[in-house]
Amino acid sequence: MKNTVKKLSASIAMVLCCIMLFSVTSMAQDDREGYWECIEVRHQTYDYNEELTNKDYWSKSKSGSAGTGTFSETYVGPDEKDDYAPRPKNGESAMVQGSVSTPPKYIDGGKTVQLKVDLSISSTKQHFWDFDGDAFVRFDEVDVEMSHRTYGAIDFTAKDSDGEDVKLSVWLYAPTNWRATEYGNKPKVNVEVSAQAPYGSEEGDKISIYTSVGMGSMSSRTEYVYLWHNEGKAPTEEKDDSDKPKRSDEEKRILDAWSNNQEKKPDEKVVRDPEDTGIRFSDLWGMVAIRRGGGYDDEWEYCDLDTVIHYGDEIWTEADSGAVLSLTDMSTFRICESTKMAMPPREEAVSSFKILSGNAWVNMKKMWEGGEFHIELKQAVAGIKGTTFAVEQTDEISRFYLFTSSAEVTSKITDEKVTLKPGEYAEVAGDGIIAVKTFDIPAKAKELILPMEILKDDGYKAGGNIIPIILAVIGVIAVIIVAVVIISKKKKTAPQMKEQTVTQSEAVYRGYGPNSPMPSVKKNFCGNCGSELKQDAKFCMKCGKKL
1307 MKNTVKKLSA SIAMVLCCIM LFSVTSMAQD DREGYWECIE VRHQTYDYNE
1357 ELTNKDYWSK SKSGSAGTGT FSETYVGPDE KDDYAPRPKN GESAMVQGSV
1407 STPPKYIDGG KTVQLKVDLS ISSTKQHFWD FDGDAFVRFD EVDVEMSHRT
1457 YGAIDFTAKD SDGEDVKLSV WLYAPTNWRA TEYGNKPKVN VEVSAQAPYG
1507 SEEGDKISIY TSVGMGSMSS RTEYVYLWHN EGKAPTEEKD DSDKPKRSDE
1557 EKRILDAWSN NQEKKPDEKV VRDPEDTGIR FSDLWGMVAI RRGGGYDDEW
1607 EYCDLDTVIH YGDEIWTEAD SGAVLSLTDM STFRICESTK MAMPPREEAV
1657 SSFKILSGNA WVNMKKMWEG GEFHIELKQA VAGIKGTTFA VEQTDEISRF
1707 YLFTSSAEVT SKITDEKVTL KPGEYAEVAG DGIIAVKTFD IPAKAKELIL
1757 PMEILKDDGY KAGGNIIPII LAVIGVIAVI IVAVVIISKK KKTAPQMKEQ
1807 TVTQSEAVYR GYGPNSPMPS VKKNFCGNCG SELKQDAKFC MKCGKKL
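Take 1307 as the starting number for the sequence shown in the numbering used here and just add one per residue.
If you are wondering where the hints come from, they were derived from the structure by calculation, not from laboratory data.
All C-beta atoms in this analysis are idealised placements derived from N, C-alpha and C, irrespective of residue type, glycine included.
Fair warning: there could be bad hints in the mix.
In the SDA-like style, the derived pairs of lysine to any residue whose C-alpha atoms are separated by at most 20 Å in a straight line are [as the list claims (entries may be wrong)]: (1) K1750 <-> T1720; (2) K1368 <-> K1494; (3) K1718 <-> A1648.
Quick list of the computed label-pair ranges, beta carbon to beta carbon [claimed, not checked]: (4) G1600 <-> P1384: 21 to 29 Å; (5) K1691 <-> V1742: 15 to 23 Å; (6) D1763 <-> Q1502: 30 to 38 Å; (7) T1456 <-> G1601: 50 to 58 Å; (8) Y1363 <-> D1737: 54 to 62 Å; (9) G1416 <-> N1496: 21 to 29 Å; (10) P1748 <-> S1565: 17 to 25 Å; (11) A1749 <-> A1625: 21 to 29 Å; (12) V1347 <-> P1651: 56 to 64 Å; (13) R1652 <-> Y1602: 15 to 23 Å; (14) K1691 <-> D1436: 41 to 49 Å.
Using the sequences plus the hints, can you model the full thing?
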């Protein structure tokens, strides 16, 4: 037993010594001096499968500079037809664009280095082919061969909200591929990656940071070569203002598209295809697909700015995607992400859109020629003559938000109608009953990425939703008026009540001032027993003698 106790004590002591030694060693490492200095930047753009590419079917392009790369692939082969499955179409293409921020010139040994990675992919006429792109950042030895890495390489990484590593890759499944709807696409990555810089062993050691952006077998790789200095700390670098808060890229794109739409003048002389609505994409980003009216699931194609929109077409935006439509009267229609909408059939006016799911907002410049502009949701229809509004359609609920002017919302189930004012929204559930509620205009505009410049141009003013304020002021005024009336009545009735409630003693003293002599009061006594008698008494209350 004693031996067991001794062995256990010795083991515990050894573990404690190791822990203390590790702590001391770690502290010593943290206190070490030395830093890396960037002495050279090298860049290469290449395609390691270039000789294997069949140029009768594929056309590729690549370009890049330090930290950036742009690539494209286009299918130039013939259209293939099959009655039972989707087949390739000539002109299907995709573009990958990416950048990695420049590493600092000086890096302390053991310091965490953070870099920004931006990667995106877009496509044109994509129908059958899948496309993808990727990026990486890592510490590694100097002069590592292209498309290789050494055993001791240190990758820069980032974590998502679940603690998992973020994949520095983007992809677009073809709209005819079931994975596009089952798993979804990932058209962009915007993330900050980090890694801890190693220490050098001796003066003059070298190491490199490699950054790369690529598409398939094409890549744009930059190598930043660093030299180790054994003594001192990294010199301080001047900082710029690049990290100051800025307007989001998506909001800038929307505002630019809206501004350009206001400047254009509709050309009434243009002769179009009878099936052409005349509506065009002012801008789009991410993955926006279109399907011609009456088409099948395998007939979706991704859009570009030149895509013609026909009557009866359906438009679908995926996650992290969106589009701005330019209507024929200079109005702007913004389709938010994860939204599906349908254009009206040719026999109806083009002033009637149907939102099947998702969110959209519209800046209607004027009354649509020939009548109102209509937005149809699952449970309701809204009629507008010139305003800014937003719609939201979930599986069960239709919502219509009004920012300026007025609009009428009609339940498709009960035919109930309501007229909305700015700052109000109509919510219609499956039973068709309309509930009118209020919302905060600036907050909702921010949520929908609706620039305030557009609302102000449409007549909105800060504090424009003044109905609740007016009601509150009216309520306060009413309370004050009631209080004044009550106080006034009390003042009028107070003298009368006082006059009626004075006592006899107060009446006696009322005619006398402070220095007036008190009036005398005469007392009577019984002649038989001597008891005091009450005023005007006819019998003695004690002996009963008649007075």
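Hints, one by one, checked against the model:
1. K1750 <-> T1720: Status violated; Cα separation ~28 Å.
2. K1368 <-> K1494: Judged against 20 Å, a Cα distance of about 19 Å means the pair holds.
3. K1718 <-> A1648: Holds, at about 18 Å.
4. G1600 <-> P1384: 21 to 29 Å: Cβ of G1600 to Cβ of P1384: about 26 Å, so the range 21 to 29 Å holds.
5. K1691 <-> V1742: 15 to 23 Å: holds (19 Å)
6. D1763 <-> Q1502: 30 to 38 Å: For D1763 and Q1502 the Cβ distance comes to about 50 Å; the hint is violated.
7. T1456 <-> G1601: 50 to 58 Å: The hint (50 to 58 Å, Cβ to Cβ) holds, given that T1456 and G1601 are roughly 51 Å apart.
8. Y1363 <-> D1737: 54 to 62 Å: holds (56 Å)
9. G1416 <-> N1496: 21 to 29 Å: holds (28 Å)
10. P1748 <-> S1565: 17 to 25 Å: holds (20 Å)
11. A1749 <-> A1625: 21 to 29 Å: holds (23 Å)
12. V1347 <-> P1651: 56 to 64 Å: holds (59 Å)
13. R1652 <-> Y1602: 15 to 23 Å: holds (20 Å)
14. K1691 <-> D1436: 41 to 49 Å: Distance hint for K1691, D1436 holds at roughly 45 Å.
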